[in-house]
Each structure stands twice: as structure tokens, then as C-alpha cells.
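Each protein sequence line maps, in turn, to chains A and B. Our numbering applies: residue 1 is where the first sequence begins, and numbers increase by one. Our numbering applies: residue 1 is where the second sequence begins, and numbers increase by one.
Keep in mind that the hints are not guaranteed to be accurate.
Claimed, not checked - The calculated DSSO-like cross-link candidates involving lysine-lysine, where the alpha carbons are at most 30 Å apart (straight line), are: (1) A:K297 / A:K325; (2) A:K297 / B:K414; (3) B:K414 / A:K214; (4) A:K237 / B:K243; (5) A:K233 / B:K437.
Simulated from the structure, these hints should not be mistaken for laboratory data.
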Amino acid sequence: MVGGAEKWVMMVTAQTPTNIAVIKYWGKRDESLILPVNDSISVTLDPDHLCTTTTVAVSPSFDRDRMWLNGKEISLSGGRYQNCLREIRSRASDVEDEENGIKIPKKDWEKLHLHIASYNNFPTAAGLASSAAGFACLVFSLAKLMNVKEDQSKLSAIARQGSGSACRSLYGGFVKWIKGRDEDGRDSLAVQLADEKHWDDLLIIIAVVSSRQKETSSTTGMCETVETSLLLKHRAKEIVPKRILQMEEAIKNRDFTSFAQLACADSNQFHAVCLDTSPPIFYMNDTSHRIISIAEKWNRSEGTPQVAYTFDAGPNAVLIARDRKAATLLLQRLLFYFPPSSATDLDSYVLGDKSILKDAGIEGIIDVEGLPPPPEIKDSIPTQKYKGDVSYFICTRPGRGPVLLSDKSQALLNPQDGLPK
Amino acid sequence: MAIGPDFPKFPTSKSQPWQSLGPGKEVGKMVGGAEKWVMMVTAQTPTNIAVIKYWGKRDESLILPVNDSISVTLDPDHLCTTTTVAVSPSFDRDRMWLNGKEISLSGGRYQNCLREIRSRASDVEDEENGIKIPRKDWDKLHLHIASYNNFPTAAGLASSAAGFACLVFSLAKLMNVKEDQSKLSAIARQGSGSACRSLYGGFVKWIKGRDEDGRDSLAVQLADEKHWDDLFIIIAVVSSRQKETSSTTGMRETVETSLLLKHRAKEIVPKRILQMEEAIKNRDFTSFAQLACADSNQFHAVCLDTSPPIFYMNDTSHRIISIAEKWNRSEGMPQVAYTFDAGPNAVLIARDRKAATLLLQRLLFYFPPSSATDLNSYVLGDKSILKDAGIEGIIDVEGLPPPPEIKDSIPTQKYKGDVSYFICTRPGRGPVLLSDKSLALLNPQNGLPK
Chain A
1 MVGGAEKWVM MVTAQTPTNI AVIKYWGKRD ESLILPVNDS ISVTLDPDHL
51 CTTTTVAVSP SFDRDRMWLN GKEISLSGGR YQNCLREIRS RASDVEDEEN
101 GIKIPKKDWE KLHLHIASYN NFPTAAGLAS SAAGFACLVF SLAKLMNVKE
151 DQSKLSAIAR QGSGSACRSL YGGFVKWIKG RDEDGRDSLA VQLADEKHWD
201 DLLIIIAVVS SRQKETSSTT GMCETVETSL LLKHRAKEIV PKRILQMEEA
251 IKNRDFTSFA QLACADSNQF HAVCLDTSPP IFYMNDTSHR IISIAEKWNR
301 SEGTPQVAYT FDAGPNAVLI ARDRKAATLL LQRLLFYFPP SSATDLDSYV
351 LGDKSILKDA GIEGIIDVEG LPPPPEIKDS IPTQKYKGDV SYFICTRPGR
401 GPVLLSDKSQ ALLNPQDGLP K
Chain B
1 MAIGPDFPKF PTSKSQPWQS LGPGKEVGKM VGGAEKWVMM VTAQTPTNIA
51 VIKYWGKRDE SLILPVNDSI SVTLDPDHLC TTTTVAVSPS FDRDRMWLNG
101 KEISLSGGRY QNCLREIRSR ASDVEDEENG IKIPRKDWDK LHLHIASYNN
151 FPTAAGLASS AAGFACLVFS LAKLMNVKED QSKLSAIARQ GSGSACRSLY
201 GGFVKWIKGR DEDGRDSLAV QLADEKHWDD LFIIIAVVSS RQKETSSTTG
251 MRETVETSLL LKHRAKEIVP KRILQMEEAI KNRDFTSFAQ LACADSNQFH
301 AVCLDTSPPI FYMNDTSHRI ISIAEKWNRS EGMPQVAYTF DAGPNAVLIA
351 RDRKAATLLL QRLLFYFPPS SATDLNSYVL GDKSILKDAG IEGIIDVEGL
401 PPPPEIKDSI PTQKYKGDVS YFICTRPGRG PVLLSDKSLA LLNPQNGLPK
């Protein structure tokens, strides 16, 4: 930089995926440390389609910690951000950048301030768990910047304190968040069950469902469930531990039938305990229910499950298909029942990996309109369609964990002043 | 059918076609032989709504439940089943007509009820008409049954509860069955579980029982309909295009696949039953509402925990719950309890008439009638509450202000047409005989539907 030595800016940019739980986390035993009442298992989604990119920068010229999320400055004063920053800073070590003659001894990190810019390539309003990807990226990128010498699981325990499900975004593939037993939460962290190449066949279609309701936040909701649901304790103590073991087996053996049965059952049970809360929480709506009916009807007509469904704290459906062929047949069914509204073209309606459209024989809206009813429908029942009830679809697959981005053009902060580009 | 050699001959055609024999019973005389008399009884039974839910059987054929349940009987003035049962030597087989259509009686449930009642028949004597039916003859005589619901079956308002209760009650009267009301409920139970609770008015408990043969699985009255006078009930009949999973199928799937149901039945419901009995006894509306809402929600939770999952409530049901919850919380004390059965209809129980009025205003605000519907067809039952609410016509509905508990910043969305209609009612009495002959559904001369 022009001027004194005190104006250097050191930056790191990273990208992390989001994840979708197939055995759900719902309910904390410790609110401030974010310790859950049961284990959970997730599938990491391909960051090519859904990810958070974060640039973290340090400079003696920064006078305070600052953060921008999707271009807007936000406050870092909340407990979750403070916890993550404190935990990471306390694990910083010496950093040396020989090229630029920058040396940051371990003890200096506490006095230096950070600029953080984060960006999600998917809309926050889509209810696609942006805080998981966000906090994972924050922790991962800061760990790189500060030369933190902890393994990925230890980093996940820090990300956990920003947002519970963030800990599962520190790995690709299939991940388990071990609930832990320690009071201080040091053993509540994520481990990888299998990487993203382990179960190559799976294809994922997300239906982003139009929702005008503002939903109960996960944090508030799960707290109310812990306090008022008489079913939750039983779920956490007796039911989830068995399902965790069964799901680990299913993933290990690529046993889609068991995987689907467990994922659907656990999604439904999560929503059941939400309903058992006072006041009751409804995350799924009529469109969500219709998607479940479509999946259930098809699965039963085929004998073995073709698609698993799971819903988080919102109406969006995450549909996991057995293989590409099943995904193609699934997409045909979804487009049949949920054609785009007249204002929407196909290109804006099916996002992510669009190659599957070709497999489905769909190149334009005409092909959507020409789709026949699925064979499993009894002829006597006239088929009702629900145009416009789905905002759009995203086609993706299980994906990799966090990565550093070395391409400087992807940095979100200006390397000269550390402010958003 | 041979009745007996000593059966007296009827008088000639100079006599009246029928005569009333005292409460409920009539006998029709047909022109012609002695074998053609028709003896009839007409009764009316209410339906009921469970506030601690029955969902799940431990015995499918005897209809024995996995937990106790508690219900409120609804006023038969607004919702009821009327049944006429007739016996005659001229009938060649058991026949039944439901809402005008002949239906089959061959199913297990009807057969169980008929068998259980017949086996408890005693001697019947009608001195006036010289009819004597010794106990042993009931086995050989056939019945005609006509039943009519004054509410649409499609409304999902539990017509089988009222129906089987009425069948059993009226047959018991006809056949001079000397069992108490609880024993009759155990018979009605074998037709339809919740029917057992319609043998009483007011507040009723169905004791799950322990015996294998189900003899102790029956209903008892907790308090009669006068005990808690203040309560007002508004039912929102929600427009539903879906054909729902039947209760019988649904609860069996839940028993087979829900890991939460066992825990509910064993650990949770027994405590709630005791708390609800206390709440009813003490007219403690706050506890009543908290328990009713929690149990309704938990019932739907175990339906969701079923494989495949069962969704009885829809978005409209959820909105009604939100409206109730928001209002209750803003008032500090619950004003309205909600409960839903195996369908999207809401049964809303208000603390008192004033609360019911405020509730109706809220419901009409959020769910105004569609343009084709006039107010008179939109609010049914006890319409007097409309006056209390200051509503005489559609104009008044359109003029309703948003409820105070809504924060100004949120624009209020309305859901015109999402509710088909409302029924205003209250807790009501149990089964009664109808002595008014014009109410009989069968022709006294030939025992066929009028």
C-alpha cells in the first residue's frame, strides 16, 4: 500500500458447502455452547450449486471487526459471532508471509482487527440453511488466515458455536455431528462418515416452495420444542440413537432402501415434534404434503424406494434420488404436478445441474405441458396440477467440503483497503 | 315367520292404521293377516368431539383402544343422527337405509352390534295392540333400520359415532334390553369406537379397559351438559378436495409404524386424562384449553410420525390454529380451545358467549364467505351469536376491523372461501327417544323408508 508499513492487508478466500440433515438435529441441551440433545447425520451438497464464499482480511489499519453479508454490513456483536471469533483467535499461531515481508506473531492476533465479507450464491429467503454454510466458512477461512493448527473436527466444534448445523459443513460427503457428553462441549463435533465420492449415484433435487409466511426461526422453535414437547425427550433418548446406527450402516453399504426409509421417517418425526410443541410449529405446508404424497405413491408403486424426501425448518423439499434414472423420472413427475407459472421460463425454473432436463426429454415449456400423468395414478382420479406452487428447482448432488480459493478475482474484499469490492 | 300359535288376530280394518303406545314405540297394522304388524322406535343421538383423543386399537375386531379418551357431546339440535328401527314378522331380512340409500349390513361392525343387542333382548309386550314378542323370538325376527344425519357426511363430522350410538340405543329400546347406558356403550363401541361416547350427554370418558373380551371398555359420564353452561362451540367446516385416510386405516398404520405412539399411549395420555377430568370438574377453562390443544396437536403429530405420513390438517387448519393461538396469547388467558379430528375441520370451544362472539368476529374477518354465499347459509346452528357480534349481513362482515392483536406492520391477508361454513353449537344432551310420530323415518304400515 502507499504509505507506512502499517497498512498491509492480508486476505484469505474460502468456499464452503451447505448440508441437509437426514437424521435431524432439533433441540439443545445447552443454549450458549449449542450442544444438541441427539446426534445428527447430514449430506453435504455440491458447492457448485449452493455455497457460501467468504473473504477474511486482517490489517493494522482496521480499527474494528466488521462484516458484510451479501453486500450489507451486519453486526458482529451477537454471542454466536463473538464465540467463533474468540475461539479462533485463541488458537491462532505465528503467520509469516515472506513474499510481502509480513510477520504476525501469535500474540498480536488479539490486537488486530478483521474484515469479513460473505456471500451466498442462493437466496436467503429460500430457506436453504445459509447460516450453516456461513459459519462454517467463517471459521474455516479464519483458521487458514490465522494458521490455526487444529484438525477439521476441532474446527467443526468452533463452527458449532456459531450455528449448530454449521459444524457438519466442515466436511464433504456424509457427516455425523456427535452430540458429545462433556459440559464444555469439546467433544461435540463433526466427523466424516464417507466422502462425496463414496455414493456417486445419488442425485438431489430441491423444490423451493413459494412461502409467504415468515417461519419460526430454528433457534426459537427448537427451544420451544425442548420446553413443551413431551415426545421430544423420548425421540432423543430412545429413537434417534438407533436411527443413527442404522443410517451409518445404510450409508456405508449404499443401501438406498434403508437410507430412504430412515430419512423420510426422521424428517416426518422432526415435524411431528414441531407439531407437538406449544404453540405448535408448522414448517411444511400443503405443497410440501403434496410432494410427500407424490414421492410416497411412486415409491410404493415401484416396490423399492426411488426417492427419499426430507424437509428442514421450512416448506422446501430436498429429494434424494437413488440414481440418475430415478432422478429423471422424479423430475418428470415434479414438473408434471408443478409446472412453472406462465411468467417463468424453463431456464429460470430448473437451476443447478440442468443436464438432467435432457435426460427427461425436456427442452422447453412445451415439453413440460406435454408430460403424461405418472403411471401410478389410478385413471379414475382426475389429476390436479399446482402451477406456481413451487418457485424453482435446484438439481445438485452430494459434494465436497470447504476449499480455499486461490483465484484472487473471487475475493470479496478489495486487497488494497480491505473493503467490499 | 312363525311367531306362535297363540298369536292373536288383529282387529279389522275399522281400527286405526297405527297407534302410539307411549314413549317412542309405534305399531303399524297392515291390512291383512296378523303376521304383518310393524313395531317401531325412533331415537335421536348426538355426535361428540374428543378432547383427549382416541387413536390406535389394541384389538381390531372388538375395537379396544390403546388409551382412554374424553369427549364433549354436541347439541343434537344442530348435529344429530335420527334412527328408526322396526321389527315385523313380514320382514324377510335385515335391511338398512342411511340418508335414504340402502346399505349393506353384512360388515363385521353391523353384525357385531346386531348380535350383541339381540342376545340381550328380553320379552316385549304391547298390550294395546296385542303384540307379544317373547325373548327367544328376537333371533328369528328381522329388522328394518333407517338412519339420517342432519349434517353432510362429507363434512367429516364423525357421523359414524352418532350413527352406531343411535342404532344401539334405538334397538335396545325396541328389544327392551335391560342394560345400563354404559353396557350399551360397550356394544356401540363394537360398531365404531367413538360411538360409545355418544351414549351420554355432556362430558364423557371412554375407559380403555383391561379385559381381553372388552367387557370393561365402555363410556361413563363425567358431567352432564348443564355442568359447564358457559361453553360455546364453533365448528369451521373447511373446504377439502382431498379424500382423507379413513380413521380405521390411519390408526392401524400409526399403531404399526409410529415409534411415538406407544410412548403417548403409555406415558402421556393417562396423565392428561386425569388432568382433563379435574379441569372439567372444576370448570377450569385454562387447563381445559391447554390440554385440548396439546392433545389435538399430539394426535396429529403421531399421524405425521406414521409411515406413510398422514396429514389431516391443511393450511387452513393451521391458519385457524394461528388465529386462536395469537389471540389467546395476547389475552394472557386462553379464550378458545381448538381441536381437530381426522380431517381439516376445526372445532373451537370458547370460554363463554362473549369469547365466542369475539371468536366469530375473528373467524369471519379472516374467512369471509365467497361471493356466492349469503350469511344465512354460511353461519349455521345457533345463529343468535351473530347478533351479539353485530353482524346482520355481508356488509357487516366486510366492515369487520382487524383483530387488535395483529401488529400493524403485517398486512392482513384474508382467505375468502377457504371455510365452507360455520356451525354454532354447545355441549348437549345424550340420546333420546322421539315420540313424535312424524319424525319416524320408516312407514309404520310397511316398515319401508318414507
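For each hint, the structure was consulted:
With a C-alpha separation of about 18 Å, the suggested pairing of K297 of chain A with K325 of chain A holds against the 30 Å cut-off. For the given pair, K297 of chain A sits about 33 Å from K414 of chain B by alpha-carbon distance, which is inconsistent with the 30 Å threshold. In summary, the hint linking K414 of chain B to K214 of chain A is supported, as the alpha carbons are separated by about 16 Å, within the 30 Å threshold. The suggested pairing of K237 of chain A with K243 of chain B is violated, with an alpha-carbon distance near 36 Å, which exceeds 30 Å.
Proximity of K233 of chain A to K437 of chain B is assessed by CA-CA distance (about 58 Å); at most 30 Å being required, the pair is judged violated.
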